[in-house]
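One-letter residues, chain by chain:
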Amino acid sequence: MMTILYAILGVTLAPFAGILIAGTDRILTAKFQSRTGPPLLQPLYDIAKLWAKEPMVGHRFQPLCVYIYLAAAMVSVALFFAQSDLLLIFFVQAVGAVFLVMGAFLVPSPFSQAGANRELIQILTYEPLIIIVLAGIHLYTGSFKISAVYAMDKPLLMNLPLLFIVFGYALTIKLRKSPFDISASHHAHQELVRGVFTEYSGRMLALIEIAHLYETVLILGLCSLFWTTSIMGMVVLLALTYIAEIIVDNISARMSFRWMLKSVWASGLVLSAINLIWLYSGGRI
Amino acid sequence: MVKDLLKNSAVKKIIEKSQVKSPWLVHYDCGSCNGCDIETLACLTPLYDVERFGVINIGNPKHADVLIVTGSVNSRNKKVLKQIYDQMPAPKIVIAVGSCGLTGGIFRDAYNVVGGVDKIIPVDVYVPGCPARPEAIIDGVVEGLNKLKEIQQAAALAS
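The listed protein sequences correspond, in order, to chains A and R. All residue numbers for the first sequence refer to our numbering, where the first residue is 1 and numbers rise by one. All residue numbers for the second sequence refer to our numbering, where the first residue is 286 and numbers rise by one.
Keep in mind that the hints were calculated from the coordinates and are not lab data. It cannot be assumed that every hint is accurate.
[As the list claims (entries may be wrong)] The calculated lysine-lysine pairs, modelled on DSSO-like cross-linking and capped at a C-alpha distance of 27 Å, are:
id, chain 1, residue 1, chain 2, residue 2
1, A, 177, A, 31
2, R, 434, R, 404
3, A, 31, R, 302
4, A, 177, R, 367
5, R, 404, R, 432
6, R, 404, R, 298
7, R, 306, A, 31
8, R, 404, R, 367
[Claimed, not checked] The calculated label-pair distances, taken between Cβ atoms and stated as ranges, are:
id, chain 1, residue 1, chain 2, residue 2, range
9, R, 330, A, 121, 27 to 35 Å
10, A, 91, R, 435, 31 to 39 Å
11, A, 243, R, 407, 56 to 64 Å
12, A, 64, R, 368, 25 to 33 Å
13, A, 59, R, 413, 41 to 49 Å
Note that CB positions come from ideal geometry on N, CA and C, so glycine has one too.
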């Protein structure tokens, strides 16, 4: 009963948390560039404005794809707050991510097509890494359940520090921050006219933005699993991680997908292997 | 019933406020000397920081609310201009920037020049200057948002 309550609470509050996070992100980015930046609630204004725009749909199955993308994001957040199975959460969000790409493939626009191809490669890059991180959590706690993570008396970060860095890579790709914003940049005039989002407009785009808020909350939630012993530690870890994301976003240029595949897989796999061998050899599991 | 509720509710107020606070730009340069083009891009630099007003250079007509057009329209690109305008979902506003965008400017007598932007698409705000200063262009966008408010009020009266 309590888990259902938590899930409902999580799904209702997540978009608001997401708006605040995105707003802070934009203000901090502006400060780094010695600008004032938009108001804190700017993401809310953007979504509300998009919601009221005239509907323009490129293909009749596109709305369906957007609905499934949003639903998958919401369900995975609900599952997270219900302290469900990590693998289940992972596969539900993967379904959503694929439907976003399918919607972009439905229309003949070259920007949309190229963006969708690149998005697929991004998914291909981060999914194995997340699976390895989840496998590491399973090795250490003995279960894929989030409740098992909460049952540990020491934070996961102490024993899985390198896996946390690997998760950071996945986080950067998933949030589409530089150097990995190759499928759809936040600054559309720079790359592919917004790539995978090009052909979504108005209310469809508003729903995608909301789904993205859910995804941000989900990923930060998964990050928080690395420090579950105290709320203070969790907040500090999340804040530091996100600020590091923003700094990386601001200081790095956009790279090609080949560079992303090579560097992320190479360093990600090596780091995870070192961490897992260290876990075994130290007799920690 | 539900529609009536929505019409006068807080949701509608939030949406109306948001439409004014989040103008996304698409910028099209029809030609001429590119001076106004450069000044328009200058508005988007950290010096002027138009993101304070929620302005983003989105570069995609399907996401944009404001179309900024610089330069004189010629027979080659009038179709392109029309197409960009048609791809933008309503509500939308058009801002013509610079002498050439307003009337064709110094190029108006050239054999291939059609004239100002308003010969092809309806223009809401005219920003004069050769080239128009960034301050004037930002002022033009703010003026355009006032126009958007008027459109909202007219729609509210009509319904």
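Consistency of the hints with the structure:
{"no.": "1", "hint": "A:177 <-> A:31", "verdict": "holds, 17 Å"}
{"no.": "2", "hint": "R:434 <-> R:404", "verdict": "holds, 25 Å"}
{"no.": "3", "hint": "A:31 <-> R:302", "verdict": "holds, 25 Å"}
{"no.": "4", "hint": "A:177 <-> R:367", "verdict": "violated, 34 Å"}
{"no.": "5", "hint": "R:404 <-> R:432", "verdict": "holds, 20 Å"}
{"no.": "6", "hint": "R:404 <-> R:298", "verdict": "violated, 35 Å"}
{"no.": "7", "hint": "R:306 <-> A:31", "verdict": "holds, 20 Å"}
{"no.": "8", "hint": "R:404 <-> R:367", "verdict": "holds, 10 Å"}
{"no.": "9", "hint": "R:330 <-> A:121: 27 to 35 Å", "verdict": "holds, 32 Å"}
{"no.": "10", "hint": "A:91 <-> R:435: 31 to 39 Å", "verdict": "violated, 50 Å"}
{"no.": "11", "hint": "A:243 <-> R:407: 56 to 64 Å", "verdict": "violated, 46 Å"}
{"no.": "12", "hint": "A:64 <-> R:368: 25 to 33 Å", "verdict": "holds, 27 Å"}
{"no.": "13", "hint": "A:59 <-> R:413: 41 to 49 Å", "verdict": "holds, 42 Å"}
The structure fails hints 4, 6, 10, 11 (numbered hints given earlier, in ascending order).
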